[in-house]
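Asks: Position chains B, C, D, E and F with the ligands against the provided structure of chain A, taking the given hints into account.
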Amino acid sequence: MDSLVSEGLNLMVYGMGFVFVFLTLLVFVTTMMSKLVNKFFPEPIVEQKAKASAPQAAANNDELLAVMTAAVHKYRK
Amino acid sequence: MDSLVSEGLNLMVYGMGFVFVFLTLLVFVTTMMSKLVNKFFPEPIVEQKAKASAPQAAANNDELLAVMTAAVHKYRK
Amino acid sequence: MDSLVSEGLNLMVYGMGFVFVFLTLLVFVTTMMSKLVNKFFPEPIVEQKAKASAPQAAANNDELLAVMTAAVHKYRK
Amino acid sequence: MEKILQLWEASGIYNISAGQVTMIAVGLFLLFLAIRKNFEPLLLVPIGFGGIMANIPEAGLAFSAVENAVHFAKPEVLQALAASLNITSVDPNEILHAYHGSNPSTHHAATMVAADSGYSNGMLYNFYSVAIASGVAPLLIFMGVGAMTDFGPLLANPKTLFLGAAAQFGIFATVLGAVGLSAMGIMDFTVQDAAAIGIIGGADGPTAIYVASMLAPQLLGAIAVAAYSYMALVPMIQPPIMRALTSESERKIAMHQLRHVSKTEKIMFPIALLILVALLLPDAAPLLGMFCFGNLMRECGVVDRLSDTAQNALINIVTIFLGLSVGSKLSADKFLDLNTLGILLLGIVAFGIGTAAGVLMAKLMNKLEGGNAINPLIGSAGVSAVPMAARVSNKIGLEANPQNFLLMHAMGPNVAGVIGSAVAAGVMIKFVG
Amino acid sequence: MEKILQLWEASGIYNISAGQVTMIAVGLFLLFLAIRKNFEPLLLVPIGFGGIMANIPEAGLAFSAVENAVHFAKPEVLQALAASLNITSVDPNEILHAYHGSNPSTHHAATMVAADSGYSNGMLYNFYSVAIASGVAPLLIFMGVGAMTDFGPLLANPKTLFLGAAAQFGIFATVLGAVGLSAMGIMDFTVQDAAAIGIIGGADGPTAIYVASMLAPQLLGAIAVAAYSYMALVPMIQPPIMRALTSESERKIAMHQLRHVSKTEKIMFPIALLILVALLLPDAAPLLGMFCFGNLMRECGVVDRLSDTAQNALINIVTIFLGLSVGSKLSADKFLDLNTLGILLLGIVAFGIGTAAGVLMAKLMNKLEGGNAINPLIGSAGVSAVPMAARVSNKIGLEANPQNFLLMHAMGPNVAGVIGSAVAAGVMIKFVG
Amino acid sequence: MEKILQLWEASGIYNISAGQVTMIAVGLFLLFLAIRKNFEPLLLVPIGFGGIMANIPEAGLAFSAVENAVHFAKPEVLQALAASLNITSVDPNEILHAYHGSNPSTHHAATMVAADSGYSNGMLYNFYSVAIASGVAPLLIFMGVGAMTDFGPLLANPKTLFLGAAAQFGIFATVLGAVGLSAMGIMDFTVQDAAAIGIIGGADGPTAIYVASMLAPQLLGAIAVAAYSYMALVPMIQPPIMRALTSESERKIAMHQLRHVSKTEKIMFPIALLILVALLLPDAAPLLGMFCFGNLMRECGVVDRLSDTAQNALINIVTIFLGLSVGSKLSADKFLDLNTLGILLLGIVAFGIGTAAGVLMAKLMNKLEGGNAINPLIGSAGVSAVPMAARVSNKIGLEANPQNFLLMHAMGPNVAGVIGSAVAAGVMIKFVG
Ligand code: NA
Ligand code: NA
Ligand code: NA
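First to last, the sequence lines map onto chains A, B, C, D, E and F. For reference, each letter of the first sequence is one residue, going 1 to 77 in the working numbering. For reference, each letter of the second sequence is one residue, going 1001 to 1077 in the working numbering. For reference, each letter of the third sequence is one residue, going 2001 to 2077 in the working numbering. For reference, each letter of the fourth sequence is one residue, going 3001 to 3433 in the working numbering. For reference, each letter of the fifth sequence is one residue, going 4001 to 4433 in the working numbering. For reference, each letter of the sixth sequence is one residue, going 5001 to 5433 in the working numbering.
Next comes chain A alone, as it looks inside the complex (with noise of 0.2 Å):
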């Protein structure tokens, strides 16, 4: 029966103890990280998509507007 509940006590202790330092850890590890990032890699990867997108939605919208195009035409004879 104590064992039991030292047992449990253990793992509450050891437990939110690892819990902690881990995410301690990881705070550090992240802010460390995107500092790292955001000094020597700024946005470039978001600039591309945003460039090589871009196109696209361009050829969409001319797509777009050859349909209307042609429907507003019809709808106007």
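Bear in mind the hints are in silico, worked out from the structure with no lab data behind them. Being a predicted model, the structure only gives us computed values, none of them experimental. A virtual CB, placed ideally from N, CA and C, is assigned to each residue, including glycine. There's no promise every hint is true.
Said to hold, decoys possible - Only part of the chain F face toward chain E is listed, based on derived beta-carbon distances under 10 Å:
id, residue
1, 5049
2, 5055
3, 5058
4, 5092
5, 5120
6, 5337
As the list claims (entries may be wrong) - Cross-link-like lysine-lysine pairs, in silico, DSS-like; alpha carbons within 25 Å at most:
id, chain 1, residue 1, chain 2, residue 2
7, E, 4159, A, 35
8, E, 4037, D, 3263
9, F, 5263, C, 2039
10, B, 1039, D, 3263
11, A, 39, E, 4263
12, C, 2035, F, 5159
13, C, 2039, F, 5159
14, B, 1035, D, 3159
15, D, 3263, B, 1035
16, C, 2035, D, 3037
17, A, 39, F, 5037
18, B, 1039, E, 4037
19, E, 4263, E, 4159
20, E, 4037, B, 1035
21, F, 5395, F, 5252
22, C, 2035, F, 5263
23, F, 5395, F, 5363
24, A, 35, F, 5037
25, A, 39, E, 4159
26, A, 35, E, 4263
Replies: Relative to chain A, chains B, C, D, E and F with the ligands alone:
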């Protein structure tokens, strides 16, 4: 030989019998269920759904209209 | 040692040989098949498909036109 | 030179048997029916292709490790297999016979011997084990079918369940036919075989495969092929029977418009059906349970993403494996048999009797109720073959009366037939399983 | 006549036990909660339905071949089973007891005996073995959750990880409660049971199921039901605690807008987390590894089709099987137990303590930093229950200050709570697994 | 205090080996190549991530139950394992050696001993067993690839099959290279190893993985990494070879426009190919069978929902598991080896030789036919690496003649190369499998 045929006959009589008993009970249960449902829960869910989907449809229409207005504007210029 | 190299050589000679025999037969079979098909079944399926999809496309266009007409109407008011 | 000989002696063309040639032709014919004639292509394309693969000589794709070991027949391997199966003969046929009749632990021992000798299961054999022998593939298909089924027309007119019941007569009449043929010495079916053959009359692919995998796995190939082929042939099989059993005026009967069915009723129905199954026929619980589960996911409105997956990605994946697995049962040694002919014959009889029973039941109901509430043409839809049979009812109805749309009315008995044959399946598993 | 009797004696209605009736009612209640009250329907619909199927009398869907063999209790089968388990008694209960405590090779031997006698695993038992006992289903769900998770808010304000850590106090306090109840003789939980129960406080379904399947499979049904039900109840459980522990002015604290987080940071985060796990707590590697893998697929931008599948088809398929498998643990003999009541009670305590710990941690952080950087209402989101708990924080925040949108701020601790409870799970598996 | 020590001694940082650090770095490098350099990311992201997970110290994710039991090396467990493997030594290395060389039944016995001692397979080991050791994952990928492949360009110009044949010379030359290195004592490859390494030259991921899993599973990690990396490097490896072997005027050759290919031809082709395989090389039946099945589903036009699933949900799911499973073979003890270096070296040689052989074959065909029908730049596409190699042909062609679009012409040899290397795989499995 005889036993095989009698097994087959048995299977037919009890099988068809059971299928009819089961589906007759299902007719009964279904009819009762429908009556109870229509008495105590007359279509509440469907109305909710209609309400819920109405604004979304409206939103979609608005979006469509915005796109089209822009497109038509472009076309008229 | 020798046996390993001779096994490798064997594998190369028979392997490449078989690949060529197989693909040569495939060239022959494919050519024959194409000839037979084009002689006895000249494109029946494709035409059916074109016919089948035409009305659907039309329907889609009609729907699109209806939506657009309504939208343009709204816009003009 | 020796290697060329080795390649040649291991080639298909050197080893092919007449049976394999025949079965490859059968596979090609099934592909032709599926692709050109549109015979249930979702199943018959994988079944046909699997059938061809199952008959590739020397590849052993449809065979277990033990069957492959016996095929190559090395004396020391045969010796070891015979020992594991507790027989003294090393004759390949006797070993196979003992192996197929062995209990699971002996089966496992023989498999280990074959594996130790370097043989392994063929790809299609593995697919069959995982998909069908475990029972899971037909059950998941049934779940997907449940998620695709709208019970609205049935709930609007529950009496159509009687039509779905009557049409199952085709199943049991065929069982009787099969045992009769055996009693007369023409065929050689056990009562389990007869039950599995009868279920073809249920006109429900997954139910037929599920029952056959439990009662007569060696007949599964022929049963599945018959079930799906005849479902595709419904527009040819049913109309003459329907016309013969009804008068022009009966075919013209117009039916009342169906009442609106509320969402709550649709949610309650699969639950009510499950509980009825639980109380009356536990042996039908896996089949009808998964069917009801799929339908509940569809109707409850809160798990649409699960319902979508059950109706699309999951059922498609399972269909691919189910079809290839059924194809594995089209290997020449299992399919080319007088019994297959018997199955094909009995299967079409089952469809015919079921159709007739449904139509006659509708006429009987009109007589008992003293009215004209039911157009007897919808009775034939009770065999299932969803939604083909309902469309046939509609078409014949329109021929008699161009204003009379029977489609929705026929959907009631149509889905009732699914339930009816699953119940019949449960009864058979209970009695002879 | 004999056949009718046979059908009747095999029917559910003849065999049903009070426990089964109760559990079917519980299953129906879960369906009601899921469908009408919208309680985590994606899980509770399959769990509830699976629970009903698990309690169909005589069908044995949730039982293994051995359990089914014992249920039908033929003397010669019991004899053979007892021999395979190395016990002398042929009492069914003692056989089951020996079977459940047997090591894998004895377990395998008993299974072979049952199979040789013609018994087989129930459908739901097979689903459970493949999906949960193997550990794969919770891991794949976690991968999908990873692919759905945006760590942006957490990366913008990494300190919120402390809130996710604090909220795990609910887990460990509950462990203590469970062993305390056992020490007082009220319940009868081992320390493994206690650990599995505690993880309910992690408010993370897949983590709870994964831990329970490893530490206390016999409690899995109750633990999963408690975990998902209480997650659905978060909008009722948390607000009173949050209001009680905060002042009006604290609830009005406005938080700075979150900084923009770059794509590269988001890609690096799951990798950094994985390496930290690898270095510090290998026992959490499967759970957090799959979670990070899912998140990396999401963020890396080059495998969108894999990420889409992980978030849709795959997670949906796995959810269906996971739910039905959990349902298999709702069979009357496993669920109807005083322990279940204890689990339900302890589970809600765990949620409450976790909520309080998160809020208090936020207040402590404000005090330590001597500022008002954190609105303590976001602390409660540290329990996970993504995204419900974050929405609750937002709602209570808006009540106090209609201009104060806390949602994005609360998403940080919310996802931190997922990591926190996976770490806690790893610690428990390490210490008592 | 003791518990802290326990946690510390079980942590990764306490246990990590230099090999594991190296392999984690390799995994990160693969992720870098995949994400930043776009090297076949669909495979290299899961492989790289799986490689990192496989090297998490103490987690044993990539190890079997027996390997995990040996790692923890309790004397009584080692004793029992040695007994089950019929050896007297209890040295861990000797036990592992005996275990890896054991036949299936002994393997099973050792696994039972490890399970009885409480050890279990790691997650990645299970993925590997189910996905790769069973052979199913590469076959399903191949089915999906078949469903994505358009044989139109090949059917329009069947002679391009010769180019696909010639490029397989890279495979067999590499086999010779590998056995040569072994004969010289530089490396230590068996003829099975050599065959598996050679298949890298096929430039087909699933074929390489399938062959490696059958002939040399211990080299699978290096072979898969080499195959996918070099496929991504095709735009760098091929152009210099292509330019060196062709003159400016040859590169300018314009090709005739391809004729229209009818639907029926496209349907017949996979069936004709399957039957040719069946007649000539049954050992290639699983690979080419599934490939043809996928293609038939695509072209037949009546099972579009199955074809869609094969190309999307199913191939994506399988890719995730295949990638993680390949990653499991990147554990330090299996990958860090002089042989890996040899494989990487031989792999690139294989690509180079295959490219050269394809180009030279095209020139030879022009010479034999006495015309200029074929631009030799499309010969290099015969290695496969679909569609990258065809794009390279197109690009180099445009450099020489801006009006000359070779893409569609190069697709013929490109898909021919897939068939060619599957045939080569069949020959290897036949001769040395
Ligand atoms: Na039916
Ligand atoms: Na949590
Ligand atoms: Na190739």
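Asks: List, from low to high, the hint numbers that the structure doesn't satisfy.
Replies: 4 and 6
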